[in-house]
Structure formats: structure tokens, C-alpha cells
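Chemist: Residue strings, one per chain:
There are 4 protein chains.
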Amino acid sequence: MTTFTYPVRVYWEDTDAGGIVYYANYLKFMERARTELLRSFGIHQNQLAKEQGVMFAIVSVNIDYLLPARLDDMLMITCTILSEGRASFAFSQDVYREQVGGDLLTRARTRAACLDCATLRPRRLPDNLLQAIATQEG
Amino acid sequence: MTTFTYPVRVYWEDTDAGGIVYYANYLKFMERARTELLRSFGIHQNQLAKEQGVMFAIVSVNIDYLLPARLDDMLMITCTILSEGRASFAFSQDVYREQVGGDLLTRARTRAACLDCATLRPRRLPDNLLQAIATQEG
Amino acid sequence: MTTFTYPVRVYWEDTDAGGIVYYANYLKFMERARTELLRSFGIHQNQLAKEQGVMFAIVSVNIDYLLPARLDDMLMITCTILSEGRASFAFSQDVYREQVGGDLLTRARTRAACLDCATLRPRRLPDNLLQAIATQEG
Amino acid sequence: MTTFTYPVRVYWEDTDAGGIVYYANYLKFMERARTELLRSFGIHQNQLAKEQGVMFAIVSVNIDYLLPARLDDMLMITCTILSEGRASFAFSQDVYREQVGGDLLTRARTRAACLDCATLRPRRLPDNLLQAIATQEG
Chain A
1 MTTFTYPVRV YWEDTDAGGI VYYANYLKFM ERARTELLRS FGIHQNQLAK
51 EQGVMFAIVS VNIDYLLPAR LDDMLMITCT ILSEGRASFA FSQDVYREQV
101 GGDLLTRART RAACLDCATL RPRRLPDNLL QAIATQEG
Chain B
1 MTTFTYPVRV YWEDTDAGGI VYYANYLKFM ERARTELLRS FGIHQNQLAK
51 EQGVMFAIVS VNIDYLLPAR LDDMLMITCT ILSEGRASFA FSQDVYREQV
101 GGDLLTRART RAACLDCATL RPRRLPDNLL QAIATQEG
Chain C
1 MTTFTYPVRV YWEDTDAGGI VYYANYLKFM ERARTELLRS FGIHQNQLAK
51 EQGVMFAIVS VNIDYLLPAR LDDMLMITCT ILSEGRASFA FSQDVYREQV
101 GGDLLTRART RAACLDCATL RPRRLPDNLL QAIATQEG
Chain D
1 MTTFTYPVRV YWEDTDAGGI VYYANYLKFM ERARTELLRS FGIHQNQLAK
51 EQGVMFAIVS VNIDYLLPAR LDDMLMITCT ILSEGRASFA FSQDVYREQV
101 GGDLLTRART RAACLDCATL RPRRLPDNLL QAIATQEG
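Chains as they are written, first to last, in the numbering used here: chain A, 1 to 138; chain B, 1 to 138; chain C, 1 to 138; chain D, 1 to 138.
So that you can see chain A by itself, here it is in the shape it has in the complex (with noise of 0.2 Å):
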């Protein structure tokens, strides 16, 4: 199984008065990296919705605080895909400083569920998002 690494760098808008990063926006990082980790199969969540008329939905995140992260910092996000059956799938993700291997500032489990835009009920997942998953698990 492979991982995949996005970068993020800590600006002003993501800390806080605390001189940290404020803990919901990890959750912006995280998502980020998965919809690049998306995108790398060839899944754009905009063309997703236009031509498919499906979104992707969070249905529950369980997060982690660990070490803090501060301004300038350079984080890498790393992003392995889950299988969880035909309508859902879930992300586990690190977040560590300047390196995999470095300071592990944060760890989550984010469950993600396909939805039709419209009516909001759940979708078999597109056979790329399928087809990657499974050959990511292989």
C-alpha cells in the first residue's frame, strides 16, 4: 500500500492567539491533501458533480492533537485511502513537520460517504474511485 504526501505551509491565517495552528484547521489540511490524493486518480470532485451529479460527503472525523504546529512551519499530510464497501470510504492521515519520519503533530480517521447532489442520498461510488482503491489495497 502507498502513500501519499501533500505539502502545507503554516501561514498567519491558520494560527491562532495561542501562537498555534488553530485545531479546526487541520481539518482544511487534511482535506486538501485527500482531494489531491483524489485528483491523482483522476477524480475532480468539480467535474464529479457536473457530469456525475455526486459529491463526497464527511461523515464522522476522529482527530488526534499530539504536538502543535506554528507559523512558516512545513507540513507534510499523508493520505492513505480505506476501503469501506460500495457507498463509503475512509482516509487515514498524519500530519508531521518538515518530514514523514519528523515531529507527528496530529492523526486522523475521516470517513467520507458518496452522495447524489441533489437529493443528498448515498451513491455507489464512481469505478475509478473503485478501481484506485482497490489496487491501492492490493
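Since the hints were derived computationally from the structure, they do not count as laboratory data. Just to be clear, a hint being listed does not mean it is correct.
As the list claims (entries may be wrong) - Here are some, though not all, of the chain C residues that point toward chain B, as calculated from beta-carbon distances under 10 Å:
#1 Glu13
#2 Asn25
#3 Leu27
#4 Glu31
#5 Thr35
#6 Ala49
#7 Asp73
Note that CB positions come from ideal geometry on N, CA and C, so glycine has one too.
Following the hints, put chains B, C and D in place on chain A, whose structure we already have.
Modeler: Just chains B, C and D, lined up with the frame of chain A:
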């Protein structure tokens, strides 16, 4: 001309590592005040989009930052609406600490256009908004 | 045990292109409610940092997204504080639409630690917080 | 005079229920580009605050919104620094879709002051910044 005032408490999410409110977040505070001013005229933007296919888009913002706001500050956001013809309008907004007439933190002038949700082309302002503007400017 | 409730209106800033509240923003709403619950106990976090050199840091969040919130929705955020010993505590929080007992949109359990602002090492919770927790759980 | 360009991908977090990038978020994009321009001059703001007790604060923003950006768009943020004396400076910034010279989405002029972190009083710009500005304006 009456002035509408909307209170905003400063939370961690609003601050940055400089210990003060992040500059972009005043645009959020001001938009909340504008939304509530419009609501006081009977204009609910979600409804407006659904029922009349119309939305408001910001065309320009001129904002001056005079003094910083900090965590736990209570801010008062004023909001005066200004006529600019049939398809656009403007707002004059001040941000005070604690009370109108207290420390003046930020001033802005914001122009907005009325757009068709689908085409993003200019549309005439809704009648109740035109009436409210006319009444306010009395 | 009493439950604290804090109202949050959904503004444009909170939504995303899916037409619903962006998943990270519920963490902002919940933090506002926790801040106001603490304030109701006489704990002002800005003051706490200045006078006692102490801050609260989030250690973990487990959040389930059940139903989406939309622009203009009025949300009710509940907040119950839970004892976890001398240096940490937890919150149970639900987000309802319109009123407590209405559509349940989101549920979360959030753990927080008390830290020294300078060293980021664990510190004993302030006495008035320990007392408030004991009273609430009484 | 050379122009610095910084790429920004549009993610879900940046959009709103209108399907376009939320107006306040361009100020975040522009601040990222300014930070990286300063970094290219050897100015790391975190270090500057720690070692010289100096920070930059935004004094004013004049921004025009010409065309909307959407999910998955790749934006190019230009950034030119302008001299304004010893204690303040300004930036001229454009946001293009895809490439500089493509659709022009947003234009802004932003003024910044150099402040003492503790007192928030004006301070002389760091020497390397003054030199970089002089060289750029050459």
C-alpha cells in the same frame, strides 16, 4: 438615516499568532452584519436564491484597519446601506470595540451587485430592497 | 446535570460549494459554545492566559456528521462539560437545527488539556473550573 | 521591476454556497503570496518576531472583484512590492485563473506597517526588506 448595529464576539478562530484578529476576518464580521440588516428588511438570501434565482456578489471593498481587536473583545459592527442605482448598492460599515462610539477599529465601504444565480449576470435589485434603501435614505 | 445551549446563525462564510456548512466549521461553532460555557463559569480565556499563564488545548475530537446545515439556518449548540481528572476535561456537544430536540445535525466529544502558555506543559485546571465541573456533575 | 507569482489551488474550504470563492478568502490567498515574496527576500516573519520583536500589520486593503473563482481552479497570485517610506510599504496584487494574463479575477492594493510586537507602535522596516524594495524598484 438610521444605522443598523450587529454585535460580534471575538473567538479563537478569529485571531492569529500576532494575538489580534486576522485582517480577513473583519470581512466575515461585516458580511454577518450586512446579512442581518438585509434580514431586517425581510430579505433572506437563501430564499431569494431559491425563489427568485438572485444572489448578491461583492464588487469591491475598501477597508482601513485602525486598531486591533483581541480575543474575547465584544465588537459592534455598524451597517448603513447606500443607494447605487438599480442593480447595485453599497454599505458603509464601522467596527467599534464594546460600543458604538468606543474605539474605532476598522472602517469599510463595500459595493455589491445583484446577480442571476445561474448566469452571474446583473439583475435588478428585489423590490423590497429598493424600497428599504429608499426609506432609509429618506 | 444542566446543559448549556448557544445559538449560531449560518452565514455565507460557513458554507461551501456543496451548498452546506463546511465540515471544519462545526469545530468553530462548538468552540464558540465551549467558550461561552466557560465564560458562564467566570472563566475568560484571555484573562486566564494573562493572569495565570494558562491556556486550554484541544487533545482530541470525535465528531459525527448526521445531517447538513444550510445558509440562514439557526443552529443550537449544546455543551456539557465532563470531568477527566485534574489536568484535562471533556465536552459532549450536539448541534440541532432551530431548537434542541429538532433535527440533530452533528455530535462531538472533545477532550481538552490545561497547558502552561510558555512551556505548553500540563497544568492543573483553575479552581473555579474544577468547582464548576464538580457542581455540574453533582 | 520583477513580479513575484504564487500559485493557489481552490479547495472546498475556499468556496461558499454560491459555488464560488468566498470574498474574504482572496485576502488569505494574497497574504500567502506576500509571505512567500518576503521569504524570497530572506524574511521569515516568525523569526522576525522572535529575533527583532517586529511584525507587519495590514493598514488598508482596496480590492476589486471582477470574476469569480471556482472549486478546483488553479489561481496565480502576483505580488509587487511598493515603497512607502521607512515604516510602511505596499503591495499590488492580481489574481489570475490558470496563468498570469489569463482571466483577471481580483485586483488589490494592500498597505502594511511595520510594528513593534509588544507595543504595536511603528518601527523602521528591517534593512533587508528596505534593500529588497530598493532593488525591486531599481
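Chemist: Please go over all the hints and tell whether each is borne out by the structure.
Modeler: Hint check results:
1. The criterion of a C-beta within 10 Å of any C-beta in chain B is met by Glu13 of chain C, whose closest approach is roughly 5 Å, and the hint holds.
2. A least Cβ separation of about 9 Å between Asn25 of chain C and chain B falls short of the 10 Å threshold, and the interface hint therefore holds.
3. Nearest Cβ of chain B to the Cβ of Leu27 of chain C: about 9 Å, under the 10 Å cut. The hint holds.
4. The criterion of a C-beta within 10 Å of any C-beta in chain B is met by Glu31 of chain C, whose closest approach is roughly 6 Å, and the hint holds.
5. Checking Thr35 of chain C against chain B: minimum C-beta separation of about 6 Å stays under 10 Å; hint holds.
6. Interface hint status for Ala49 of chain C: upheld, as the beta-carbon distance to the closest one in chain B is roughly 8 Å, under 10 Å.
7. Because the closest C-beta pair between Asp73 of chain C and chain B is about 8 Å apart, less than 10 Å, the hint holds.
The structure is consistent with each of the numbered hints, conforming to all of them.
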